[in-house]
Each structure stands twice: as C-alpha cells, then as structure tokens.
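Note that my numbering has the sequence shown beginning at 362, numbered continuously upward.
Derived from the structure by calculation, the hints contain no laboratory data.
Each residue gets a CB set at the ideal place from its N, CA and C atoms; glycine is no exception.
There could be a bad hint or two in this list.
[To be verified] Cut-off 20 Å, straight-line C-alpha distance, at most; resulting in silico cross-link-like pairs (EDC-like, lysine to aspartate or glutamate):
| hint | residue 1 | residue 2 |
| --- | --- | --- |
| 1 | K503 | D481 |
| 2 | K503 | E487 |
| 3 | K503 | E400 |
| 4 | K503 | E446 |
[As the list claims (entries may be wrong)] Distance ranges between label pairs, derived from CB positions:
| hint | residue 1 | residue 2 | range |
| --- | --- | --- | --- |
| 5 | Q420 | P465 | 34 to 44 Å |
| 6 | E499 | E421 | 13 to 23 Å |
| 7 | E499 | W478 | 29 to 39 Å |
| 8 | D481 | S440 | 14 to 24 Å |
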Amino acid sequence: MQMRKLVPAVLVATAFAFVLTGCTETGPTQNFSGLPDEEEIATESEGGADQGLQAFWLQEGSQIAVAISGSSTCPVVGSHIEVVEPEGKGNVVEITTRPISSGPCTMDFVPHTSVFWTPDLVTTAEPLTVRVGDQEIELPIK
Numbered sequence: 362m363q364m365r366k367l368v369p370a371v372l373v374a375t376a377f378a379f380v381l382t383g384c385t386e387t388g389p390t391q392n393f394s395g396l397p398d399e400e401e402i403a404t405e406s407e408g409g410a411d412q413g414l415q416a417f418w419l420q421e422g423s424q425i426a427v428a429i430s431g432s433s434t435c436p437v438v439g440s441h442i443e444v445v446e447p448e449g450k451g452n453v454v455e456i457t458t459r460p461i462s463s464g465p466c467t468m469d470f471v472p473h474t475s476v477f478w479t480p481d482l483v484t485t486a487e488p489l490t491v492r493v494g495d496q497e498i499e500l501p502i503k
C-alpha cells in the first residue's frame with residue numbers, strides 16, 4: 362500500500378525537477394566582438410585583460426559577461442555557464458567555451474564577449490570566481 366502512494370509522489374517530484382531544470386537558462390543571451398558598453402557595467406574584474414580574460418557584472422548583477430581575447434576571425438565563445446560552488450560555499454561558476462570558426466585565424470588579440478543570466482545559486486554580495494578552461498578570475502562584490 363505504501364509503495365502505491367510513493368510512486369506517484371516520486372513521479373511528480375521528478376517531473377517538477379525536469380521543469381525547473383528546463384527553465385534555467387545556461388546558454389549565452391548575447392555574443393559579440395569587443396567589450397560591454399561602459400554604461401551597462403556594474404562591476405568588472407581587475408587584472409584579467411593581460412591574461413585575455415575579463416568578467417563583468419551587468420544590469421545591476423542580473424547578468425554576467427565574460428570577455429575572452431583571441432583571434433578576431435576565430436573567437437572563443439562562451440557556450441554554457443554552470444555553478445560549481447553556490448553562494449556561501451565558494452560562489453564559483455565555470456564557463457564552457459567553443460571556437461566559432463575552424464578556418465584560418467588572424468594573429469590579432471581582441472576580446473569577444475559572451476553574456477549569461479546570473480544563475481540563481483550565486484550572489485553579487487560575495488566575490489564570484491569565474492573559471493574558463495584553466496584560467497580563473499575573480500569578479501568583486503557588486
């Protein structure tokens with residue numbers, strides 16, 4: 362008798378989890394060459410431009426922008442954001458990247474920005490560590 366009541370409850374909980382997961386936007390909302398407009402930037406990381414990696418809080422913290430420098434004809438683009446450690450336990454996100462072009466690439470070094478919605482499990486009230494490949498940069502408190 363208990364099993365009959367438990368199975369529907371588990372099915373409902375599983376379906377609800379799938380719905381919530383489907384509502385979380387993890388892909389970029391925008392991709393563009395260059396850096397975000399200054400009037401959109403709430404806070405930016407320090408010192409990352411030398412490494413070819415910069416991060417920004419945009420729209421008062423509702424979005425995170427990541428600028429990765431490289432070839433202008435073969436930019437590296439952020440394709441997915443994932444919370445590695447939630448707020449209170451590290452406040453860390455990881456950006457998965459993919460190159461846009463497999464053709465010949467120029468030898469210039471320009472930023473390409475990918476903008477993501479700020480995940481619900483991180484906060485602007487703690488420094489945010491942004492990981493991209495083997496690089497890390499800290500985005501200060503907004």
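Going through the hints against the structure:
| no. | hint | in the structure |
| --- | --- | --- |
| 1 | K503 x D481 | 16 Å, holds |
| 2 | K503 x E487 | 8 Å, holds |
| 3 | K503 x E400 | 14 Å, holds |
| 4 | K503 x E446 | 18 Å, holds |
| 5 | Q420 x P465: 34 to 44 Å | 36 Å, holds |
| 6 | E499 x E421: 13 to 23 Å | 19 Å, holds |
| 7 | E499 x W478: 29 to 39 Å | 20 Å, violated |
| 8 | D481 x S440: 14 to 24 Å | 20 Å, holds |
Hint 7 from the list above is the single one not met by this structure.
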